[in-house]
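> Model the placement of chain B on the given structure of chain A, informed by the hints.
2 protein chains.
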Amino acid sequence: MTDFARTKALFHMPEGVIYLDGNSLGPLPKAAPARMTQAMQDEWGEMLITGWNRGGRDGAGWMAQPVSMADRIGRLIGAEPGHVVLGDTLSIKVYQALAAALKMVPERRVILSDNGNFPSDLYMAEGLIGFLDKGYELRVVAPEEVEEALTEEVAVMMITEVDYRTGRMHDMPHLISKAHQVGALTVWDLAHSAGAVPVDLSGSNADFAVGCTYKYLNGGPGSPAFIYVAPRHAETAAPALSGWLGHEAPFAFDPSYRPGAGIERMRVGTPPVLALAALECALDIWDMTTMAEIRAASIALTDRFIAGIEAACPMLTLASPRDAGQRGSQVSFRFADGYAAMQALIARGVIGDFRAPDIMRFGFTPLYIDEGDVDAAVAIIAEVMAQKLWDRPEYRRRSRVT
Amino acid sequence: MTDFARTKALFHMPEGVIYLDGNSLGPLPKAAPARMTQAMQDEWGEMLITGWNRGGRDGAGWMAQPVSMADRIGRLIGAEPGHVVLGDTLSIKVYQALAAALKMVPERRVILSDNGNFPSDLYMAEGLIGFLDKGYELRVVAPEEVEEALTEEVAVMMITEVDYRTGRMHDMPHLISKAHQVGALTVWDLAHSAGAVPVDLSGSNADFAVGCTYKYLNGGPGSPAFIYVAPRHAETAAPALSGWLGHEAPFAFDPSYRPGAGIERMRVGTPPVLALAALECALDIWDMTTMAEIRAASIALTDRFIAGIEAACPMLTLASPRDAGQRGSQVSFRFADGYAAMQALIARGVIGDFRAPDIMRFGFTPLYIDEGDVDAAVAIIAEVMAQKLWDRPEYRRRSRVT
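The listed protein sequences correspond, in order, to chains A and B.
For the first sequence, the positions run 0 to 401 when numbering that gives the first Met the number 0 is used.
For the second sequence, the positions run 0 to 401 when numbering that gives the first Met the number 0 is used.
Okay, chain A solo, but in the shape it has when bound (with noise of 0.2 Å):
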C-alpha cells in the first residue's frame, strides 16, 4: 500500500497553497536541487566531457539516461521495457509519431482527430500537411464522433486520451481495437494520462504514443517528452527527424543515416542532462506506488471534490464526466466568469487554471493532494462564489498566460 501521507512530504508546497494544477505544472520535489547541484557540480563541473559516459547518478553516463529513465515511466503507462525514450518537446514527439505512422500506411490520406485534442498537436499535423503538400487531410472530429469516422479513408488516428479541458477520456483499447479493423494506424497523445490513470499501451496494443513529463509526472518546467513506440513497429518506423543521437553509431559520424536499434531512432540530438536530473528525483517518488493505487485515491478525490462544489456552489456546471471511468484525474466546472473566478481563488492560495472560453479546471493527484486539501478548497471556491468575489476589476485583468 502507497503511504500517500509520506509521498505528500516529499514536495514542496508553498505556505498556504492548495495545488489544483499539477495536471499542468507538477511541484517542485524537495530532493530535486540537491540532486541539481550534484549534477551540476559533480558531473558537469568536474567530469565535464567525460560525463557523457560516466555522469548521472547511476555512473553510466549521461548518453544512456533518455533510454533508462524512459523504463520508469514506461512501468506507469503500460509500455514495454526498452520501448519508450526521452527527449524534446511533446509538439516535436507528436511530430516525430505522425510521420512515422504516415510513412507506414503510405496510400491513404486521411488524419483523424478531435477538437478535444489539444491544439498543439493539431498545429503540428497542419504543419507537417502542410510541408508535404500531398493532399493529406486533417479530419477533426467531436469526440464522440472518432469512433464512426473510422473509414478506410483514415491513415493515422491521432488522439489524445484524456480532454485537456473536461478530463473526459477516451476508451483507447476500443478505439485502437477499432482503428486497426479499418486498417488505421494511431498515435496517442498521454499529456493528461501518463501519472493520472493507468494506461495499458502494450496491452490495448497501441501503435505509437507521446506524452510530457512537467505535468502529472512532475518533472519540472520544460522537462522533456517522451515517445513510444510498438515492438512490432520499432524496426520499420522511418523517424522523419533523423539526428545523430538517433543513427545506429552516433559517434562514428558517418556521412549517411542508418536509424538506431528500435526507439533508440527516435532519439534526435543531445539528452536535456539537467532536465533529466529533476526529473529523476520526480521518477524516484514514482517508484513508491503503482498507477492502481493512484488511480483509486484519485476517484475518490476528484468524487469528493465534485460533491463538495455541487453542493455548495449552484453557479457552477460541471463540465467533466459524472462517471468517474470516463474521466481522467481532473475536474472542470463551467463558469462565464470563469477567467476571473480563477483569479480570486488563486489570490486565495487555491491554484486551478482557466481554459476559453469558460472552463475552471482542477487537478488532483494523490501523490500530494489529499482529502483536507479537497475540503479546504471547496470551503474557499465556496466562499468566493457565494460573495461573488469574481466581480472585482482586479480579477478581471488578463495576464499573458493563463
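Some hints could be false.
A pair counts as met if it fits within one copy or between any two copies, since identical chains are not told apart.
[As the list claims (entries may be wrong)] Derived DMTMM-like pairs: lysine to aspartate or glutamate, alpha-carbon spacing no greater than 25 Å straight-line:
no. : residue 1 : residue 2
1   : K7        : E45
2   : K7        : D283
3   : K29       : E292
4   : K7        : D41
5   : K387      : E309
6   : K29       : D372
Hint data in this document are derived by calculation from the structure and do not stem from the laboratory.
Just chain B now, with coordinates in the frame of chain A:
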C-alpha cells in the same frame, strides 16, 4: 578591454585539468548552481504555474526567456535584435530552418552541403528528403567545391561555417553572396562559430542560421539550441514544425494554427526553463566581452599552440588551416593512433577529444584558457608523444562516446 583573468575565475575547472574541449562542452560557470537552486526553489517551488508569467531572474516570466535571452546571443553573431529564439536541439533547428528555406524556393530540388558539415545536419536533411519524397537531392561536395557547385539547381545551401573536425572556416559573406546570385537561400550552422569567431549574420545578408549553446557558449550539457531568421524572411517563413508556442496566440487554444510574429513562429513547445537558468549565468560572462577581443586572444592562443606542438611533436600533422584567418577557435592534428594518444592525454589532465579517423582536436577559448594553459598542455602532449604513451593497452580500449 576584457580582463580574461577575471572571466577565467568565473568558471569552475577541476583540479589538475587543462580543458581544451570547450568546443564540445563548455565548463560550469561558478554562479550557475546557485542560480539553478534559486530557479528551482524560488520559482518552480514557490511560484508553481505562475512562474510562466513572473518567473526568471528578471521576473518577466519563464515564457519570455527564449526570446529575451536569445538576444544576448544575437549580439555575438551579428543578428538584429528580436530575430533569434532559443529552444529544442540543434538538429531540430536545422530541420526547421531547412524546411522553411525549401518552401521559399519551391521550384528547385537540390540541397547543397559539404562533407565538412556536421553529420547530424546531413542526417536531418536526409530524413526530411525521404519524408517529403518529392525528388529532393542532398548534394554533398568537398568544402572547397561548394562555391563552384552553387548552380541554379540549388534551392538551399546548408553549411556549417567552422568544420567540427579541423576548424577550417568557410567565407560566409562570400558564399552567401554567391548563393544569392544563383537564387539560392542559405542555412548556416554556427555550432563551432557562436562564441568562437565573430559572425555578422546581418552584414553577411544571411537567410537562416542555427547553433547550439553548450559548446563555446557554456550553457551546460543539453542546453537549448537557437535559430535566426533574417528580418526579410521573418514574416513569410513557414514553420513546418508549427507548435503551439509558435502560434500567434498560444493561450487562445484556437483550433487552427496562425504563425506568430517574426521569430516567435520558430518556437515549438514548452521552453526548457531549468536549462535556461544555467545558460543565463554563462551569458552573464559573455556580456563582459566582445567577439573582437575574443577573436584576437583566440588567434594568439591557437597560433601559440600550433607553434609549440610543431616544435615538440614531429609525429603530429596539423589538420587545421595554418592561416588563422581561415581557422575557427580550435586546432586539430592528425595522428594514426590519435584515439589512444587522446586517452593518454586525458589521463594526464589535458582534455581534448578525438574524431574519426585520426583527428586529435583541441579547443581554445580565451574566456578560461590562457597562455600558461597552452604552454602546460604543449609540455604534456610533448611528453606523451615522446614517450609513446599511447601504445599502452589501457588507452586503446574504446568507450562509447569519445
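> Next step is simple, just say for each hint if it's right about the structure.
Hint by hint, here is what the structure shows:
Taking the shortest alpha-carbon separations for K7 and E45, only the inter-copy value of 16 Å comes in at or below 25 Å, while the best intra-copy value is 34 Å. With identical chains, the CA atoms of K7 and D283 are at most 25 Å apart within one copy only, with a shortest distance of 13 Å there and 37 Å across copies. Only within a single protomer do K29 and E292 lie at most 25 Å apart by alpha-carbon distance; the minimum there is 22 Å, versus 43 Å between protomers. In the homo-oligomer, the alpha carbons of K7 and D41 lie at most 25 Å apart only across protomers (19 Å), although the nearest pairing inside one protomer, at 29 Å, exceeds that limit.
For a Cα distance limit of 25 Å, the shortest separation of K387 from E309 inside one copy, 16 Å, qualifies, whereas the shortest one across copies, 81 Å, does not. Taking the closest pair of Cα atoms, K29 and D372 come within 25 Å of each other only inside a single copy of the chain (19 Å); across copies the shortest separation is 40 Å, beyond that limit.
This entry satisfies every hint, going by the numbered hints stated previously.
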